[in-house]
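Can you make the complete structure from the sequences, with help from the hints?
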Amino acid sequence: MTAALDTQPYTDSFGRRLRVFLGGSRVYWLVLPAFAFFLIFFVVPVLSLFLISIDRPVAGVVDPQWDFTAKNFVRFFTRATYYEAAIRSIGLASLVAVVTLAIGYPLAYMIAKTENPGRNTFYMILVLCAMQLDMVIRLYGLMVLMGDNGLINRTLIDAGWISDPLPLMYNFAGVVVGLVQFTLPFMVLSLIGIIRSIHPSLEEAARSLGATRNVAFWKIIFPLSMPGILAGSLLVFAISISSYVVPALMGGWKVVVMPIHIYQQIAEMGKWQFGAAIAVVLFATSVIAVVIYQRYAAITAGGRT
Amino acid sequence: MVDQAQPAAMTMSRQKRWSERDVPLVIQIGAWIGFVILLLPVVIVVLAGLNSGEYLTFPPEGLSLRWIIDFLTSETWMGAYLFSLLLALITMAVSTTLGTMAAIVLARHQFPGRDLLRAYFLSPLILPGVVLGLALYVFFVTTNLGLARSLTGLVIGHVLVTCPYVIGTVSAALVAFDKSLEEAARSLGANPWTAFRRVTLPNISAGMMAGAIFAFIVSFGQFDVSLFLSTPDLTPLPIALYISLRYTFEPTAAAAGIFAILLVVISMLLTARLVNMRKFGGIKFS
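Taken in sequence, the protein lines are chains A and B.
Residue numbering for the first sequence follows the working numbering, beginning at 76 and increasing consecutively.
Residue numbering for the second sequence follows the working numbering, beginning at 93 and increasing consecutively.
None of these hints come from the bench; they were simulated from the model.
These numbers come from a predicted model, not from an experiment.
Among the hints, erroneous ones may be present.
Reference excerpt, derived from the structure (chain A facing chain B, CB under 8 Å, subset only) [said to hold, decoys possible]:
1. Ser123
2. Leu124
3. Arg131
4. Leu176
5. Tyr184
6. Asp209
7. Ile212
8. Val251
9. Val255
10. Leu284
11. Arg288
12. Pro334
13. Ile341
14. Ala354
All C-beta atoms in this analysis are idealised placements derived from N, C-alpha and C, irrespective of residue type, glycine included.
And the structure:
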């Protein structure tokens, strides 16, 4: 088969299409190893997890009983410990999205407006390094900074400003700080592209028509960055709600969110079916957030291309 | 240059005024606060790893290589670091191979359901990492094929979350590559494999390497997927760090962190050489 054939759009018969697919262009076989890998190790395990989440709960047994029941989900939504964890997770992730936006927007704006190519690349490398560095290492830094015996408290006590350490972590606020640190690079990267794509002449025009720099920013730049703001917030929400390590370390087991419940149910109590059910609720929450985002994005994108 | 097409009427001086100096002061201050939040924990890890005392104080007591030597001679820490390195290298090799093969089909060919197939390959990133790890663990235990508590099991989990990055970068490189060059080689008598190897491959190698580096670094720093799949004998560095932070909190962990930071910085500098960093804006990484 010639290589040129591959570029032709398939407007012809199904039979020919099939012939090309199966034998004509051998190149198609290249996708099969990855396809099979994802099918066996992603689709099947995830579907099995959904399956055992509606299976009869038997402590310590992971093999399917084939006895389907809604018990696990009823348990989740009727016990305060569990549904409150879901509400706490959603509240936490929403708060983190707002705070991260407030801190990430100025940073993204400055990087996007930096014209010097060397400096720009330098900033991008800093953001990417911070993002790619294992979160547990960054948590070490945060814990040294914010612990009861940490840098901030020690410095303040030594200076005589406070006598007892401030409760900076092992509480809800500590988890928020940890998650903001974790998700900030994702927010910045989502925003940079969109801010850069806003043509400077739009702001120029506003300014030349008498708008102050502040008015031009709030009336022109900020509304035009809405798609990036929404995408970044959604990403931050999804990452925050599914993080186990940040609430576990920064919350000191006092801020119990859904991923912590999943781990405890399975690793500590052997309740596989119930743990799977919480995992399904967690996944469903992320999916619902994506759907709401798409609805909202469609509305805000109205009138613009 | 921020935007290519500056209106012709705009003079140089006007253009010059439009630079970072024109960023309002409030935003500049906000941006520096952002940088501090982003980088302060990393700086603290480096200081803690090079500190001479048990506890980091401000200002630091003094520099010493005490914890670095501790790390290099510790079986637990060095073992975890080398295990993570091995895991990341295997993951990188598998992901780059599978991902490049898939990307060739996805980027080069029109067929019904192509967008669906692309979404299929991206889907592991939508699932929370802890859920993916759990699903794999349950699957390995129930199928009882010896994958539970094994290196292979960990590699499988890591390939699922790194392969999408390889597919993304290689697809981008293939789309940017002018396919007529390969067709020219074919018309001059090269067989498809030779034409691909001698013409296309050298042109997409930068994208492939960027994808491979990303796969490596995402695997090296992976916590969520490893949580359910690691065992006391198979402990990647992030899990070892987590256990240390939970129970002992030793400065040797910071020394291990320094070596991880070095690896990340080198990887990102290499990526910057391979691809245009500015393109990263707007890409979703999760």
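Query raised in the report: What are the numbers of the hints the structure violates, in ascending order?
Result: 3, 4, 8 and 10
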